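All chains should be built: construct the whole structure from the sequences, respecting the hints.
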Amino acid sequence: MPRFERKQNIFRNKDALGESYQPERIEERDDEIEAYMDALQPIIDGWEPNNVFLYGNTGVGKTAVTDFLLDVLQEDVTEYDDVDLSVLSVNCKTLNSSYQVAVELVNTLRPAGAEISTTGYPQQTVFKKLYSELEALGGTVVIVLDEIDSIGDRDELLYELPRARSNGYLETTKVGLIGISNDFKFREQLDPRVQDTLCERELQFPPYEASELTNILESRAEVAITEDGCDGGVLNLCAALAARDSGSARQALDLLRLAGEVAENNDDDAIREHHVDQARSKLEQERVEEGMRELTTHGRLALLAVVSKAAKESTPCRTRELYQEYEALCESSGTDSLAQRSVHNHLSDLRMLGILSAKENRSGSRGNYYSYELDVPFSSAVDAMADVLYLDDEIETIRDIARMNSVV
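For the sequence shown, the positions run 1 to 408 when full-length UniProt numbering is used.
By construction, these hints were calculated from the structure, which means they are not laboratory data.
Nothing here was measured: the structure is a model prediction, and the numbers come from that model.
Please note: incorrect hints may appear among the correct ones.
[Said to hold, decoys possible] Here are the simulated SDA-like cross-link-like pairs (lysine to any residue), alpha carbons at most 25 Å apart as the crow flies:
id: 1; residue 1: K7; residue 2: E222
id: 2; residue 1: K312; residue 2: R403
id: 3; residue 1: K282; residue 2: R244
id: 4; residue 1: K185; residue 2: E360
id: 5; residue 1: K185; residue 2: L353
id: 6; residue 1: K128; residue 2: P111
id: 7; residue 1: K282; residue 2: T296
id: 8; residue 1: K282; residue 2: R300
id: 9; residue 1: K282; residue 2: R351
id: 10; residue 1: K93; residue 2: Q123
id: 11; residue 1: K93; residue 2: Q124
id: 12; residue 1: K359; residue 2: K129
id: 13; residue 1: K7; residue 2: D267
id: 14; residue 1: K93; residue 2: R201
id: 15; residue 1: K93; residue 2: M292
id: 16; residue 1: K185; residue 2: E171
id: 17; residue 1: K14; residue 2: E27
id: 18; residue 1: K128; residue 2: L85
id: 19; residue 1: K282; residue 2: I395
id: 20; residue 1: K128; residue 2: S89
id: 21; residue 1: K129; residue 2: P111
id: 22; residue 1: K14; residue 2: E273
id: 23; residue 1: K93; residue 2: T197
id: 24; residue 1: K14; residue 2: D228
id: 25; residue 1: K185; residue 2: Q195
id: 26; residue 1: K93; residue 2: P206
id: 27; residue 1: K359; residue 2: Q285
id: 28; residue 1: K185; residue 2: D146
[Said to hold, decoys possible] Estimated spans, in silico, between C-beta atoms of each pair:
id: 29; residue 1: S281; residue 2: E360; range: 24 to 34 Å
id: 30; residue 1: E222; residue 2: D277; range: 18 to 28 Å
id: 31; residue 1: M404; residue 2: E373; range: 15 to 25 Å
id: 32; residue 1: D393; residue 2: P111; range: 57 to 67 Å
id: 33; residue 1: Q278; residue 2: E200; range: 42 to 52 Å
id: 34; residue 1: P111; residue 2: F184; range: 38 to 48 Å
Just so you know, even glycine gets a beta-carbon here, dropped at the ideal spot from N, CA and C.
Here is the structure:
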C-alpha cells in the first residue's frame with residue numbers, strides 16, 4: 001500500500017513562490033512605489049483620497065504593490081487620531097456590471113446573515129444600500145477593484161461612487177477608488193466622465209526585464225529553496241524565458257516552482273535547467289488548455305485550423321486560408337460551419353488569450369488584413385487539442401505531417 005512521506009530536499013518554503021505570498025520587500029518597483037505613495041498621501045494627511053488607476057500586464061506587480069502599500073498605510077495611520085481608515089478589496093473577475101460590484105460591496109460590509117440578494121433590486125436601490133453601509137462605516141474608505149475591466153461598459157458605479165459625497169449621498173465618509181486593470185484599452189472604453197474621476201492618478205506598471213526578474217527570483221529563492229537545491233543558471237533561465245514571453249514575475253515564479261516539483265518527483269537533489277524546460281512545456285500546455293476551456297466548439301476548431309497550417313509550415317496565414325481549413329475540419333467532425341466573419345472573431349479571441357499572435361499587413365487600396373500563427377509551442381497546442389476535441393484521426397494526421405516537416 002502506497003504511503004505519503006514528506007519531501008524537503010528542494011523546497012524550504014514552497015509557499016514563498018506562490019501568488020498569495022507577500023514578501024517583506026517589493027523588488028524592482030521603487031519608482032512605482034514612490035508614485036503610488038504620493039497618490040495615497042492625502043489619506044495620511046486627513047484629506048479625501050485620490051482615485052487611482054493602475055494598468056499593466058498580468059504579473060507585473062500591480063496587486064502585490066497595492067496590497068503591500070495598503071498594509072503599510074493601515075499600520076501608519078494608527079499614529080494619527082483623526083484618521084480612521086478602512087480598506088475594501090473586491091476582485092471583479094466574475095462580476096460583469098456595476099450592479100454586481102455594488103451588491104458584492106454591500107454584502108462585504110454587512111454581517112453574515114444580513115446579505116442582500118444578487119438579483120431583484122433596481123440598480124439605484126443597491127447603490128443607496130451601499131451608501132448607507134459606507135456612511136455607517138464612516139472615516140476614510142479605500143475601495144480596491146481588481147480586474148476592474150471585467151465590468152466592461154456598465155461602469156455607472158465608477159462614475160457615481162467617487163462623487164457620492166459631493167452629490168449628497170454621503171455626509172462624512174470619504175471614499176477613494178483604486179482600479180486595477182490588465183487591459184490597456186479599458187481606460188479608453190470608459191465614459192469620459194468616469195475617466196476624469198477614476199483616473200485622477202494613473203500608474204503604469206511596465207513588464208519586468210530579465211535582470212529585474214532575476215533579482216526577484218533570487219530574493220524569493222532565498223526563502224523558498226534549500227541552500228543547494230538550485231543549480232547555477234536556473235534562475236537566469238527562468239527570468240529570461242519569462243522576460244521574453246510577457247515580462248511577468250508570476251510566470252517566472254511559476255516556472256521555478258514547477259521546475260522544483262519536477263525535480264522532486266524525479267528524486268533529483270537540485271533544480272537543473274532541463275527541469276525548467278520540462279516545466280515550461282507543462283505551463284504552456286496548461287495555458288492553452290485554460291484558454292480552450294473558455295472557447296466554444298467553433299473556437300476550438302478555428303484553433304485546430306491554425307495548428308494544422310502550422311504542421312504544414314504554412315503560418316502565418318490569412319483568415320480566408322484558415323477558413324478553408326476550418327471548413328474541412330467542420331465537415332470531418334459533422335459540425336455545421338460558421339460564416340468567415342464569425343471565424344475571424346474566434347481568431348481574435350484566441351489572440352486575446354495569448355494562444356495566437358497576429359501581424360497586420362497592408363495591401364494598398366484593398367485594405368489591411370491579419371496573418372495568424374501560434375504563439376505557444378506547437379506540441380503544447382496539439383496535446384491540448386487532443387484532450388478536448390474528439391477528432392483523434394485528424395489530430396494524428398496533423399502530428400504525422402508535423403513530424404515529416406520537423407515541426408515541434
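Hints versus structure:
A threshold of 25 Å between alpha carbons decides the hint, and for K7 with E222 the separation of about 18 Å falls inside it, so the pair holds. A C-alpha spacing of about 10 Å is found between K312 and R403, which places the hinted pair at or below 25 Å, so the restraint holds. Only pairs whose Cα atoms come within 25 Å are accepted, and K282 paired with R244 is accepted, the gap being roughly 17 Å. With a C-alpha separation of about 18 Å, the suggested pair K185 and E360 falls inside the 25 Å cut-off, and the hint holds.
Our distance criterion of 25 Å between C-alpha atoms is met by K185 and L353, whose separation comes to about 15 Å. Proposed proximity of K128 and P111 is supported: the alpha carbons are some 18 Å apart, at most 25 Å. Straight-line distance between C-alpha atoms of K282 and T296 comes to about 23 Å, which keeps the hinted pair within the 25 Å bound. Taking the CA atoms of K282 and R300, the gap is near 20 Å; set against the 25 Å cutoff, the hint holds.
Annotation: proposed proximity of K282 to R351 holds, straight-line Cα distance about 20 Å (limit 25 Å). Restraint check for K93 and Q123: the C-alpha separation of about 20 Å stays at or below 25 Å, so the hint holds. Simply put, K93 and Q124 have alpha-carbon atoms about 22 Å apart, close enough for the 25 Å limit, and the pair holds. For the hint pairing K359 with K129, the CA-to-CA distance comes to about 48 Å; that exceeds 25 Å, so the pair is violated.
Only pairs whose Cα atoms come within 25 Å are accepted, and K7 paired with D267 is accepted, the gap being roughly 9 Å. Note on K93 and R201: the hinted pairing holds, with a Cα-Cα distance of about 23 Å set against a maximum of 25 Å. A distance of roughly 18 Å separates the Cα atoms of K93 and M292; the hinted pair therefore holds under the 25 Å criterion. A threshold of 25 Å between alpha carbons decides the hint, and for K185 with E171 the separation of about 35 Å lies outside it, so the pair is violated.
Distance hint between K14 and E27 is fulfilled; the C-alpha atoms sit about 19 Å from each other, no more than 25 Å. Between the alpha carbons of K128 and L85 the distance comes to roughly 21 Å, so the proposed pair stays at or under 25 Å and holds. A distance of roughly 19 Å separates the Cα atoms of K282 and I395; the hinted pair therefore holds under the 25 Å criterion. Of the supplied pair hints, the one linking K128 and S89 holds, its CA atoms being roughly 20 Å apart against a limit of 25 Å.
Taken as a hint, the K129 and P111 pair is honoured in the structure, with Cα atoms around 14 Å apart against an allowance of 25 Å. Using a Cα cut-off of 25 Å, the hinted pair K14 and E273 holds, with the two alpha carbons roughly 19 Å apart. The hinted pair formed by K93 and T197 meets the criterion: a straight-line CA distance of about 22 Å does not exceed 25 Å. Between the alpha carbons of K14 and D228 the distance comes to roughly 15 Å, so the proposed pair stays at or under 25 Å and holds.
Simply put, K185 and Q195 have alpha-carbon atoms about 12 Å apart, close enough for the 25 Å limit, and the pair holds. Among the hinted pairs, K93 with P206 is consistent with the structure: their alpha-carbon atoms are about 22 Å apart, no more than 25 Å. Straight-line distance between C-alpha atoms of K359 and Q285 comes to about 23 Å, which keeps the hinted pair within the 25 Å bound. Using a Cα cut-off of 25 Å, the hinted pair K185 and D146 holds, with the two alpha carbons roughly 16 Å apart.
The hinted window of 24 to 34 Å between S281 and E360 holds, with their beta carbons roughly 30 Å apart. Taking the beta carbon of each, E222 and D277 are about 24 Å apart, inside 18 to 28 Å as hinted. With their beta carbons about 19 Å apart, M404 and E373 fall inside the hinted range of 15 to 25 Å. At about 59 Å, the CB distance of D393 to P111 agrees with the hint of 57 to 67 Å.
Remark: the range hint 42 to 52 Å for Q278 to E200 is upheld by a beta-carbon distance near 47 Å. Under the hint 38 to 48 Å, the C-beta atoms of P111 and F184, about 39 Å apart, fit the expected range.
Hint check: violations occur at hints 12, 16; the rest are consistent with the structure.
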